Amino acid sequence: MMLNNIIEIVAEHWPDLLEGLGLTLLMALISMSFGTFFGTILAFLKVYSNKVVRAVVTGYIEIIRGTPMLVQIFILYFALPVYGIKLSAFTAAVIGFILNSAAYQAEYTRGAIQSIEKNQMTAARSLGMTKNQAILSIILPQTIKNAIPAWTNEFIYLLKYTSLAYIVGAEELMEKAKVIASRNFLFFEVYVVVAVIYLIIVLLLTWALRKIEQKLDIPGFETVR
Amino acid sequence: MTENRPILTIKNLKKSFGTNEVLKDVSFTMNKGETKVIIGPSGTGKSTLLTCINQLVLPDSGEIFLKDIDVTKAENMNTIRQQIGFVFQDFGLFNHLTALKNVMIGPVKVKKMSKADARDLAIEELKRVGLIEHADKYPAQLSGGQKQRVGIARALAMQPEIILFDEPTSALDPELIGEVLSVMKELARNKMTMLIVTHEMGFARTVSDEIIFMEGGVIVEQGPPEKLFKNPENRRTGEFLFKLTELYGEGD
Numbered sequence: 003m004m005l006n007n008i009i010e011i012v013a014e015h016w017p018d019l020l021e022g023l024g025l026t027l028l029m030a031l032i033s034m035s036f037g038t039f040f041g042t043i044l045a046f047l048k049v050y051s052n053k054v055v056r057a058v059v060t061g062y063i064e065i066i067r068g069t070p071m072l073v074q075i076f077i078l079y080f081a082l083p084v085y086g087i088k089l090s091a092f093t094a095a096v097i098g099f100i101l102n103s104a105a106y107q108a109e110y111t112r113g114a115i116q117s118i119e120k121n122q123m124t125a126a127r128s129l130g131m132t133k134n135q136a137i138l139s140i141i142l143p144q145t146i147k148n149a150i151p152a153w154t155n156e157f158i159y160l161l162k163y164t165s166l167a168y169i170v171g172a173e174e175l176m177e178k179a180k181v182i183a184s185r186n187f188l189f190f191e192v193y194v195v196v197a198v199i200y201l202i203i204v205l206l207l208t209w210a211l212r213k214i215e216q217k218l219d220i221p222g223f224e225t226v227r
Numbered sequence: 010m011t012e013n014r015p016i017l018t019i020k021n022l023k024k025s026f027g028t029n030e031v032l033k034d035v036s037f038t039m040n041k042g043e044t045k046v047i048i049g050p051s052g053t054g055k056s057t058l059l060t061c062i063n064q065l066v067l068p069d070s071g072e073i074f075l076k077d078i079d080v081t082k083a084e085n086m087n088t089i090r091q092q093i094g095f096v097f098q099d100f101g102l103f104n105h106l107t108a109l110k111n112v113m114i115g116p117v118k119v120k121k122m123s124k125a126d127a128r129d130l131a132i133e134e135l136k137r138v139g140l141i142e143h144a145d146k147y148p149a150q151l152s153g154g155q156k157q158r159v160g161i162a163r164a165l166a167m168q169p170e171i172i173l174f175d176e177p178t179s180a181l182d183p184e185l186i187g188e189v190l191s192v193m194k195e196l197a198r199n200k201m202t203m204l205i206v207t208h209e210m211g212f213a214r215t216v217s218d219e220i221i222f223m224e225g226g227v228i229v230e231q232g233p234p235e236k237l238f239k240n241p242e243n244r245r246t247g248e249f250l251f252k253l254t255e256l257y258g259e260g261d
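Residue numbers (our numbering), protein chains in the order written: chain A, 3 to 227; chain B, 10 to 261.
What the hints contain is simulated information worked out from the structure, not anything from laboratory work.
Watch out, some of these pointers could steer you wrong.
[Said to hold, decoys possible] Listed below are several chain A residues computed to face chain B (Cβ distance under 10 Å; list not exhaustive):
{"no.": "1", "residue": "Gln122"}
{"no.": "2", "residue": "Ala125"}
{"no.": "3", "residue": "Ser128"}
{"no.": "4", "residue": "Lys147"}
[Said to hold, decoys possible] Interface residues of chain A toward chain B, partial, derived using beta-carbon atoms under 10 Å:
{"no.": "5", "residue": "Ile118"}
{"no.": "6", "residue": "Glu119"}
{"no.": "7", "residue": "Asn121"}
{"no.": "8", "residue": "Thr124"}
{"no.": "9", "residue": "Arg127"}
{"no.": "10", "residue": "Leu129"}
{"no.": "11", "residue": "Gly130"}
{"no.": "12", "residue": "Gln135"}
{"no.": "13", "residue": "Ala136"}
{"no.": "14", "residue": "Leu138"}
{"no.": "15", "residue": "Ile140"}
{"no.": "16", "residue": "Pro143"}
{"no.": "17", "residue": "Gln144"}
{"no.": "18", "residue": "Ile220"}
{"no.": "19", "residue": "Pro221"}
{"no.": "20", "residue": "Phe223"}
As the structure is a prediction and not an experimental result, all values here were calculated from the model.
A virtual CB, placed ideally from N, CA and C, is assigned to each residue, including glycine.
Take the sequences, apply the hints, and build the full model.
Set out below in structure tokens:
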């Protein structure tokens, strides 16, 4: 009975579900890329810049981490139009995800930077490298290798958090499911289907990231977990 | 044998950390091709002296001349550091790079040498320290002695005027010390200018042109090894050398 319903839902609504999944993946991909990019920059600013910049970065991280993401997305979507800035549901949600991911990743990545042995910077400077050369050629590559396990976790969270975008009406997987379920009232079956889709995507993502991690593995870094 | 103008001139160098006066008025010179060994009890400023020379630690006062450039007043320290090799007690190899790339990266990034030229140079330097067959290994795959020899090759690849060694064998298992010392001996034979902080008395005695004995932030005595070992002017020099020789042996 239930299985039949599930098969029926998939057979009937797969184009909708696929469309929703497409948007979910797009949101996740954009948020991951920019979140990682800005998070890495924030982390390096927090470790290597002057006091003022460090304070600003710390303030940003604390504010973002200290407030619910949903509140942030609501501010972006419902409050900004009052000041003339009108964002689509998709854009508002993605900006919220990026702001959040950058803040969390800044902290993971800062940890990854600070776990690098101090002699790496000293040795680089003693060869005559500038501080920026040392950061780019020596510290950054080691940071990335150290940070990959934390990034894997972050990407999985982020992929699942994109489901929050349905609250402002972005037509991603969760929103599609809600619409389908409100039409046929098969809430349980519809959300089981959606849960399985998320699970498959997360497992694939985990597998892919582990492959990347293995590919980047070099002796001396493989034990960093 | 040696040129008239010293490679390195240290004048009245002073450095304190807080109230701890680590270097109290240190002066000496080094000529091209000389090997000098600094010895002395721990905490007497030997390592601080080396790190002041390449400005990893900034001295409070005094002058440091690399040939005729005052290092302490240099506008661009990076161009000067290129000319001062540094070999660390804890090796300081770049953990994410193979031995070959560890040696290449200085010439490529700092001297803007082409990768092909830097590779040829790095291969030469790795051959010189006897590690060419380990060129593609990462630091984690090398023994301590091999790591330190890569460290020396990395310093050599910059073709520096002088190499500073900060206790290069102190972190090594006893059976690995010999391979590093023999590389350093070979460098001394080829007239590389070297300033070495070490406790290896055998090496100091047989290889160095001069021994500098430091204690309490000052140079107590300096001179040719045979003189310091056989009839030191200062009683403390004699006592310290006797104790170290007892501990570490006379070497080969």
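Hints versus structure:
The beta carbon of A/Gln122 is positioned within 10 Å of a beta carbon in chain B (closest approach about 6 Å), and the interface hint is therefore held. Hint on A/Ala125 holds. Least Cβ distance to chain B is approximately 3 Å, under the 10 Å limit. The restraint placing A/Ser128 at the interface with chain B holds, with a minimum CB-CB distance near 4 Å, inside the 10 Å limit. The interface hint given for A/Lys147 holds, since its Cβ lies 6 Å from the closest Cβ of chain B, which is under the 10 Å cut-off.
Because the beta carbon of A/Ile118 sits about 8 Å from the nearest beta carbon in chain B, less than 10 Å, this interface hint is met. A hinted interface residue such as A/Glu119 counts as satisfied when its beta carbon comes closer than 10 Å to some beta carbon of chain B; here the least separation is about 7 Å, so the hint holds. With its C-beta approaching chain B no nearer than about 4 Å, A/Asn121 sits inside the 10 Å limit, and its interface hint holds. Because the beta carbon of A/Thr124 sits about 6 Å from the nearest beta carbon in chain B, less than 10 Å, this interface hint is met.
Given hint, A/Arg127 at the interface with chain B, holds; its Cβ is 7 Å from that chain's nearest Cβ, closer than 10 Å. With a cut of 10 Å, the hint placing A/Leu129 at the interface with chain B holds, because the nearest CB-to-CB distance is about 4 Å. Given the 10 Å rule on beta carbons, the hint for A/Gly130 holds: about 4 Å separates it from the nearest Cβ of chain B. Taken as an interface hint, A/Gln135 checks out: its beta carbon lies about 5 Å from the nearest beta carbon of chain B, inside 10 Å.
Interface restraint check for A/Ala136: the shortest CB-CB distance to chain B comes to about 9 Å, inside 10 Å, so the restraint holds. Because the beta carbon of A/Leu138 sits about 9 Å from the nearest beta carbon in chain B, less than 10 Å, this interface hint is met. At about 6 Å, the closest approach between the beta carbon of A/Ile140 and any beta carbon in chain B falls short of 10 Å, and the interface hint on this residue holds. Satisfaction of the interface hint for A/Pro143 is found here, the shortest Cβ-Cβ separation to chain B being roughly 5 Å, below the 10 Å cut-off.
For the restraint placing A/Gln144 at the interface with chain B, the shortest Cβ-Cβ distance is roughly 5 Å, inside the 10 Å limit, so the hint holds. Annotation: interface hint on A/Ile220 holds; nearest CB of chain B at approximately 5 Å, less than 10 Å. For A/Pro221, the shortest C-beta to C-beta distance to chain B is roughly 4 Å, which falls under 10 Å, so the interface hint holds. Annotation: A/Phe223 was flagged as interfacial toward chain B, and the flag holds, the nearest CB pair being 7 Å apart, inside 10 Å.
The structure fails none of the hints (numbered hints given earlier).
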